[in-house]
Amino acid sequence: MTPENNSTVLPVILRIQAGDTQTREDFLAEYKPFVAKTAMNLCKRPLHWEASDELSIALIAFDSAIRSYDPQKRVPFLPYAKIVIQNKLKDHFRKESRLQAECPFEIETEDGKILSPADIQSAWQDFRERTIEDERQDELIEYEELLGKFGIDFESLVDISPKHRDSRQTLFRVAALITGQVGLMDHLLEKKQLPINDLIFQTGVNRKTLERGRKFIIATSLVLYYQSKFLYLRSYINLDPD
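For what it's worth, my numbering labels the leading residue of the sequence shown as 283, then goes sequentially.
Simulated from the structure, these hints should not be mistaken for lab results. The structure presented is a predicted model; accordingly, all values stated were derived computationally and were not measured. Glycine residues also receive a C-beta, built at the ideal position from the N, C-alpha and C atoms. Accuracy of the hints is not assured; some may be wrong.
Okay, derived cross-link-like pairs now, DMTMM-like style, lysine to aspartate or glutamate, Cα gap no bigger than 25 Å in a straight line [claimed, not checked]: (1) Lys319 <-> Glu493; (2) Lys355 <-> Asp302; (3) Lys431 <-> Glu332; (4) Lys511 <-> Asp468; (5) Lys372 <-> Glu437; (6) Lys490 <-> Asp416; (7) Lys372 <-> Asp416.
Cβ-Cβ distance ranges computed for the label pairs, FRET-style [to be verified]: (8) Ala311 <-> Tyr518: 47 to 57 Å; (9) Asp435 <-> Leu471: 12 to 22 Å; (10) Leu292 <-> Ala333: 28 to 38 Å; (11) Val440 <-> Asp420: 14 to 24 Å; (12) Asp420 <-> Ala300: 33 to 43 Å; (13) His374 <-> Pro315: 15 to 25 Å; (14) Arg327 <-> Ile478: 20 to 30 Å; (15) Arg376 <-> Asp480: 20 to 30 Å; (16) Asp448 <-> Ile365: 21 to 31 Å; (17) Asp448 <-> His374: 36 to 46 Å; (18) Asp420 <-> Phe483: 37 to 47 Å.
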């Protein structure tokens, strides 16, 4: 089961939401590696199921994501679950920070520096901000490398983006069609080019528009297809017509 295949995950989620406890237990066990990876990426250190509270918190959050997931929101489950896990862990960090700030003691570091509760709270805040920034930067680097395989320069994305909203939404919908059909997406990934004739037939968009928007469609399709990797970039794509 691949993270990108929401059509495979969704029936399982719906069975769990309907009360299938055995499917829930199996699903939680199957996705423990995903939960652990998400937690460790945020914490920036190794975590162990037997000893790390963060993993227990992350698994509870994943279970909560299963129960609260709404497919009508049109956000795939795994990217949604990742955000739920991250938010739950950040809440945990904030609570830890407040507790440390309220405790009337100081901590001495390995180099002999004394940290006050205010210092500790500030360090937690700095940690959270740097973690988010690091995640964004890592995401952009990975996306830039992926675009390069399709002959697209990341820096050119601003220039190739349609200036008119209607044109942009048309290309967004073409990209959504590609990622929603295995054959079209396989064509793009294997041949590194758009299945122009199929797109003309299925969308009614003319060849000139598709060819002119080729790079934008490809760039958007990659974000949509690999959205579990590109959460921040995905948040900028609006597929709604209004």
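These are the hints, each one checked on the structure:
Between Lys319 and Glu493 the alpha-carbon distance is near 39 Å, which puts this suggested pair outside the 25 Å criterion. The straight-line distance between the Cα atoms of Lys355 and Asp302 is roughly 23 Å, inside the 25 Å bound, and the hint therefore holds. Restraint check for Lys431 and Glu332: not satisfied, since their Cα atoms lie roughly 41 Å apart, outside the 25 Å limit. With a CA separation close to 18 Å, the supplied pair Lys511 and Asp468 stays within the 25 Å bound.
Restraint check: the Cα-Cα separation between Lys372 and Glu437 comes to about 32 Å, which exceeds 25 Å; the hinted pair is violated. Only pairs whose Cα atoms come within 25 Å are accepted, and Lys490 paired with Asp416 is rejected, the gap being roughly 39 Å. Taken as a hint, the Lys372 and Asp416 pair is honoured in the structure, with Cα atoms around 15 Å apart against an allowance of 25 Å. Taking 47 to 57 Å as the suggested C-beta distance range, the pair Ala311 and Tyr518 does not conform, at roughly 34 Å.
The hinted range of 12 to 22 Å is satisfied by Asp435 and Leu471, whose Cβ atoms lie roughly 19 Å apart. Between Leu292 and Ala333, the C-beta spacing of about 34 Å keeps the proposed range 28 to 38 Å intact. Restraint check, Val440 to Asp420: a C-beta distance of roughly 21 Å satisfies the suggested window 14 to 24 Å. Taking the beta carbon of each, Asp420 and Ala300 are about 37 Å apart, inside 33 to 43 Å as hinted.
Taking 15 to 25 Å as the suggested C-beta distance range, the pair His374 and Pro315 conforms, at roughly 21 Å. At roughly 47 Å, the beta carbons of Arg327 and Ile478 sit outside the given window of 20 to 30 Å. Taken as a hint, the range 20 to 30 Å is violated for the pair Arg376 and Asp480, whose Cβ atoms sit roughly 49 Å apart. For the pair Asp448 and Ile365, the beta carbons lie near 30 Å from each other, so the given range of 21 to 31 Å is met.
For the pair Asp448 and His374, the beta carbons lie near 44 Å from each other, so the given range of 36 to 46 Å is met. A hinted range of 37 to 47 Å for the beta carbons of Asp420 and Phe483 is consistent with their spacing of about 38 Å.
Figure legend: structure checked against the earlier numbered hints; hints not met, in rising order: 1, 3, 5, 6, 8, 14, 15.
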